[in-house]
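With the hints as extra help, turn the sequences into a complete structure.
In order, the protein sequence lines correspond to chains A and B. With our numbering applied, the first sequence covers 1 to 325. With our numbering applied, the second sequence covers 1 to 251.
It cannot be assumed that every hint is accurate.
Claimed, not checked - Per the computed footprint, the stretches of chain B lying under chain A, defined by three or more beta-carbons under 8 Å from a beta-carbon of chain A, are:
1. 7–18
2. 131–144
3. 163–177
4. 205–215
Stated by the list, open to error - Below, computed lysine-lysine pairings styled on DSSO-like, alpha-carbon distance capped at 30 Å:
5. A:Lys284 / A:Lys15
6. A:Lys299 / B:Lys228
7. A:Lys27 / B:Lys249
8. A:Lys27 / A:Lys50
9. B:Lys228 / A:Lys123
The hints are simulated quantities; they were obtained by calculation from the structure and are not laboratory data. Note that this is a predicted model, so its numbers are computed, not measured. Don't be surprised by glycine CBs; every beta carbon is placed ideally from N, CA and C.
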Amino acid sequence: MSVLAFCEVRDGRCKKAAFEAITAAKKLAADLGGSVTAVVVGHNIQDDAKKLAAWGAERILAADHEFLALYSTGGYGRCLVQAVELAQPKAVIVPATIMGKDLAAWTAAKLGVPLASDCTEFKVEDGALRVRRPVFAGKALAWTHGEGEPFVLGLRPNTMAAEEINPGGEGSVEPLPLTFDPSTIRAVVKEITGGDKGDLDVAEAEIVVAGGRGVGGPEGFEPLRELAKVLGAAVGASRAAVDAGWIDHAAQVGQTGKVVSPNLYIAIGISGAIQHLAGMRTAKVIVAINKDPEAPIFKVADYGIVGDLVEVVPALTEAFQKALA
Amino acid sequence: MKIAVCVVVAPSTDTKVKIGADGKTIDMSDVKLELNAYDEFAIEEALRLKESTGDGEVVLFSVGSPATIKEEIRKGLARGADRAVILDTDTTQLDSSAVAALLTGEIKAFEPEIIFMGKQSVDYDSAQVPSQVAAAMGWPVVTKVSSLAIEGGAFRAEREIEGGVEVVEGTLPAVISAEKGLNEPRYPSLKGIMAAKKKPMEEKAAEAPAPVLVIDCLELPPPRPEGKIVGEGPEAAAKVVELLRNEAKVI
Chain A
1 MSVLAFCEVR DGRCKKAAFE AITAAKKLAA DLGGSVTAVV VGHNIQDDAK KLAAWGAERI
61 LAADHEFLAL YSTGGYGRCL VQAVELAQPK AVIVPATIMG KDLAAWTAAK LGVPLASDCT
121 EFKVEDGALR VRRPVFAGKA LAWTHGEGEP FVLGLRPNTM AAEEINPGGE GSVEPLPLTF
181 DPSTIRAVVK EITGGDKGDL DVAEAEIVVA GGRGVGGPEG FEPLRELAKV LGAAVGASRA
241 AVDAGWIDHA AQVGQTGKVV SPNLYIAIGI SGAIQHLAGM RTAKVIVAIN KDPEAPIFKV
301 ADYGIVGDLV EVVPALTEAF QKALA
Chain B
1 MKIAVCVVVA PSTDTKVKIG ADGKTIDMSD VKLELNAYDE FAIEEALRLK ESTGDGEVVL
61 FSVGSPATIK EEIRKGLARG ADRAVILDTD TTQLDSSAVA ALLTGEIKAF EPEIIFMGKQ
121 SVDYDSAQVP SQVAAAMGWP VVTKVSSLAI EGGAFRAERE IEGGVEVVEG TLPAVISAEK
181 GLNEPRYPSL KGIMAAKKKP MEEKAAEAPA PVLVIDCLEL PPPRPEGKIV GEGPEAAAKV
241 VELLRNEAKV I
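Right under this line is the structure:
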């Protein structure tokens, strides 16, 4: 009996979410009484694969092939199905990243097994696995169970801190040979563009600096970018700012955008519509800056500043600069 | 070109969620229903595809109780879809695999070349139906597409990933799930609204398979501790940074 963790690789390196998946698998395996198998899919990934032992992987499977250098739902999915058939796990943990969500949905559908996407917690009661996942963008939480095995769990990034339990540890890697003809995969990623911008993604960042209608226009995001740079943060936005065309939809936090759980969320000029609050209320600490002391955002903010953004944001940037120097 | 669009009617995004008496479902008594936000982009993309090819049919497929969802589905017809099929079933126990099974069964008979749907419904946020329908059809799927070009039997789709954009190339038939920003959905015209009243809306009784993902209970998220206003104006900035460092310990 094992728990299988899918370890996402981008640009030849394992992502932080991959280590979180192994840590989650480790905890689940301890509760269920089993071991952790890690599976890596990509190209030239042997080095990163063997290092997964440091994070607690007891068995490591790697599908390493030129065709797998870029993502394809059908290609990666077939590799994951193959790993499931080999490891016969009771549960499969897949990071709920953009790749992971797509992959988990296809794989669970192919296997005809349950998938709970975006889980934030799980527990084992009398041998039965139950998971908690936000629904209605986080306005409610659902405890669910699956009928059928393995139970595929999408693990929301940043909800479980990865633990390197055996620093420097390396394991042996079992190859997963390609069992399909790549030419039969009809939809394939050909390239990734815009990666050179190096923008942090709001769903992955530990700190998010987000702006709303109050920033006043596209140029109003500049002071927020300065602040984000000092903090190593991602820049987010409310729906109002996105719909006004001031910033790309990729930055939107809330019900028709991304749901985020950073350590620190700084809401600037965001009034706090119910759809936005749903998307960021699980942040560990919330700071709000708004000129309206009655804005609903202050009800959820741990620390609020009432004032003019034009003055407060640069002052905050300077204060962080001093503190972090 | 025959184009299928799967749509769902869900509580509007400004719904304040209350948990029902059974502890497992949402109290729907004061809830306003509307066409799922992401499905609007799916419908629009289907209409544009039909318009660009010059002929074809756009059919909406939905699962639910006709009495509650019919008027919202009609709004999709008002935008320009040709007809709708509602699979009438008890929705209390439905999970996405059951929805996908019902939809696939019906869509197969229509024999479309492409299936559009929203990337997820705004209620249970599972984002699984597109992949499940694709798996059942034996077709490729591209999820959360924010740009799409179709020429001949080939397509080129873009999807936003963390810090970049993936360019996916493939061939039809395929399932495409729409992300916000795929297009700018049109508003229904008065003419469209009038025409929609006469467009066929078929209701079919359907038996849903048992769910594989079962909700045992719903709970509300714990309330956040009462917020506090640290101060006013730029003078408060240093105080907040100090609190973040020494009290909250996040920097």
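Exercise. Which hint numbers does the structure go against, in order from smallest to largest?
Worked result: Number 9 only.
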